[in-house]
Every structure is written in C-alpha cells, then in structure tokens.
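Participant: Single-letter residue listing:
Protein chains: 2
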Amino acid sequence: MLVNYPNGTKPKQSYIMHGNRGMSLESDINETNQYYLVHDIAVIYKKPTPITVVKVDFKSRIDAVINEAYYRTPSTTDYNGVYKGKYIDFEAKETKNKSFFPLANIHTHQIEHIKRIMEHGGIGFIIVRFTHYNLTYFLDGSKLISFIENNKRKSIPISYFQTYGKIIETKYAPRLDYLKVLDEYSQEGDHIEQSP
Amino acid sequence: MLVNYPNGTKPKQSYIMHGNRGMSLESDINETNQYYLVHDIAVIYKKPTPITVVKVDFKSRIDAVINEAYYRTPSTTDYNGVYKGKYIDFEAKETKNKSFFPLANIHTHQIEHIKRIMEHGGIGFIIVRFTHYNLTYFLDGSKLISFIENNKRKSIPISYFQTYGKIIETKYAPRLDYLKVLDEYSQEGDHIEQSP
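Chains as they are written, first to last, in our numbering: chain A, 4 to 199; chain B, 4 to 199.
Isolated chain A (complex conformation) (with noise of 0.2 angstroms):
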C-alpha cells in the first residue's frame, strides 16, 4: 500500500514534520540505542523505514540515484533487537496533545503485530513521549494490548500511562535508558512475559 507518509497521515499534519522537536524522541533513542552498542548491553536498531522504489538511474557513474520512490505503511513496528537473549520489540512517538495519546499514531497492524510479539515469548512495548510536559513513558504491551480491547476510545489518558506506564527519565548517557525501566517493570512482579 501506498500512503501519503509512513504515519499515513498527510505530510502537513505528520508527526516528523514539526522540525526538531518532532524527532527529539528519535534521536533520543537512536543514541541510547548506540550506547547500549557500544557498552555491550543490547543490540536494538531502528528499521529503515519502508520504501518501494519505482525508477533507479544507473547512468550515474558513481552512484544509483533513485528518481522515483514512495513511502509505504509499515508492517512492524520501528525498533527491534536483542536484550539479555530476550527479543526486545517496540514502537515510539510523540504527542503534542497535553491530556491523551491518540491511537491513530499506532497502525493496527503495529498494534496487532507487538501483541503477536508477546504471545511468541518476545518483549513488546511503546514508548510515549507527551512533549507538552517532555515527559516520556514506558508502557508494557500487555497494558497497551488491555487498554485496546477493554476501551473504545481512541485515545489513552495521559492518567493510564501513569498508572500503568513507567516513566523514562532523559539523562546525559544513556539518554534515555528505557531498558533500565523495562528491568524495574518486569523486577516488580507484574511481569512482562505473556507467553509460557
């Protein structure tokens, strides 16, 4: 599927297109992710995003210039990898609303593919940043998963990230140590495996 842009909304409302606030929580994770590398602790990248080219030059001597592309609808979430021998799985965004976090930030199929994650013993979760207060929560899939299927709303009160959610505090390094808060999660007895 073809969409306007990979959040599927239309660039002038997108997420990405609000300068550097709207990729701090990216790049946030992006140098956490390269410190976990680098210290050993885990090995998490983000996905490119998705992209079906149409027309490549090869005339180019030095490079292969693509001059045709689109963005397409992801089918996963953006960040995998490894932790602890655990599959580590989980998608990040950003919200400007002060009070709720609108689930149209969330594919279906993202949702659908993080629960499909923890039934296969894997460890799904989102993290949220509410920029208005620049407060970042972790939030366990199964939390995600229950508030889905026990609401209609569309949205998630902030107050379900803080009762259920975990925050992730920014620091110098790691930026954003949201393994650290995963740990504490699943230390705490309301543990994060699902599956047998």
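None of these hints come from the bench; they were simulated from the model. Possibly wrong hints are sitting among the right ones.
As the list claims (entries may be wrong) - Computed footprint of chain A on chain B; a stretch qualifies when at least three of its residues, placed anywhere within it, have a C-beta under 8 angstroms from a C-beta of chain A:
1) 42–54
2) 70–76
3) 88–96
4) 119–131
Claimed, not checked - Straight-line alpha carbon distances no greater than 30 angstroms define the calculated BS3-like cross-link-like pairs of lysine-lysine that follow:
5) A:Lys118 - B:Lys49
6) A:Lys183 - B:Lys50
7) A:Lys118 - B:Lys183
8) B:Lys87 - A:Lys118
9) B:Lys118 - A:Lys118
To be verified - Some, not all, of what chain A presents toward chain B, calculated at C-beta under 10 angstroms:
10) Thr52
11) Val85
12) Phe150
13) Ile151
14) Glu152
15) Asn153
16) Lys155
Beta carbons: idealized from backbone N, C-alpha and C, even for Gly.
Following the hints, put chain B in place on chain A, whose structure we already have.
Facilitator: Positioned in the frame of chain A, the structure of chain B alone reads:
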C-alpha cells in the same frame, strides 16, 4: 555511507539484477516467513532496504513522491524476529559460484553484527544458496565466525557448508523450512547458544 547498490557492488555485478533467479532466495524466504506468521510459528520479517531520502515532492495531492534518494550500506542483516521466545537474526545470499561462497557477499559489519547477536544470547546464522546446484544451506553463526577467524581466504568452500552446514530443502509450503533445520541443528548437541 552512500553506495552504488545495497550489497556494495556495482549494478552490473549485483545479485539482485539477475531477474527471477536472483530474487528467488529472497522470495522463498519471504514466502516462508509469511507461512510462519499465518501458522503462528514465528514472527520474522525482512527489514526494508535502507535508503537516504534527499528530495521529496509534497505538491502532489495524493502522494508524497521521493524524487532523489540513495541506497545506504546496511548496518545489520536483512532478517530478524522472534521464534519460541528467542531472538533470530540472519542474512541470506545466493552465489552462482560452483565451488565457493565469496565473503565479499556479506559486509564486514554484518558479520560483526551476527557475532554480537550471538554474544547477547540471540541466534545468528546465514542461509546460502548455490544456484548452480540449486542447493540451499543453513550455516550457524558460530561456524561462520569460526571460519573467518581461522582462515585468511576470502571465500568459504562448498565443502565447509557440506561439513558444518545443513541443507534446507525447497518444498511447497513452507517453501524453505529453515526453522526446522535450525531446530535439528540445535538438537544435534552442537548447540546454537554460545552465551550464558
């Protein structure tokens, strides 16, 4: 780093330029992954090809058209996912060579990536098809790394695959049941897990 083509070779030499034959291992694996997904066996995807977008045209009412973009060298392998709670990571390559698999087909940082994955408790391997014989081999990451660290030669002889690898048969469905071969390999005592 911008390169001529995803595998770092010039278009004329590129494995994906040989039409149907060049694409068949990839499509066999994609079909197999789809089978695994639908039959609830594993969640494994091919990562999108990394592309650096330079110019995007938003004027068009329907689509955002990418007008200038370049292929990037991939940092990781092409495929990863979760199987029985384990992190799975592999690269798949075809060669027309009758006697050797040239290591130039795999980037140095892809090999380092496979090594790192195993150090973190994940399962890393390569799938290599010798198109001349239409034989597809599974080779565990430990055997790949062991060859590279103990040999100066820039290609792996097919005899090494015969000795240390395992044939993956091509069938109707799943097309290329590499997880069955992985299970057999790990059950044979030459255990896949290298880390604690």
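Participant: Does each hint fit the structure? Answer for all of them.
Facilitator: Status of the hints after comparison with the structure:
{"no.": "1", "hint": "42–54", "verdict": "holds (count 9)"}
{"no.": "2", "hint": "70–76", "verdict": "holds (count 6)"}
{"no.": "3", "hint": "88–96", "verdict": "holds (count 5)"}
{"no.": "4", "hint": "119–131", "verdict": "holds (count 6)"}
{"no.": "5", "hint": "A:Lys118 - B:Lys49", "verdict": "holds (19 angstroms)"}
{"no.": "6", "hint": "A:Lys183 - B:Lys50", "verdict": "holds (27 angstroms)"}
{"no.": "7", "hint": "A:Lys118 - B:Lys183", "verdict": "holds (24 angstroms)"}
{"no.": "8", "hint": "B:Lys87 - A:Lys118", "verdict": "holds (15 angstroms)"}
{"no.": "9", "hint": "B:Lys118 - A:Lys118", "verdict": "holds (29 angstroms)"}
{"no.": "10", "hint": "Thr52", "verdict": "holds (7 angstroms)"}
{"no.": "11", "hint": "Val85", "verdict": "holds (4 angstroms)"}
{"no.": "12", "hint": "Phe150", "verdict": "violated (22 angstroms)"}
{"no.": "13", "hint": "Ile151", "verdict": "violated (19 angstroms)"}
{"no.": "14", "hint": "Glu152", "verdict": "violated (19 angstroms)"}
{"no.": "15", "hint": "Asn153", "verdict": "violated (24 angstroms)"}
{"no.": "16", "hint": "Lys155", "verdict": "violated (28 angstroms)"}
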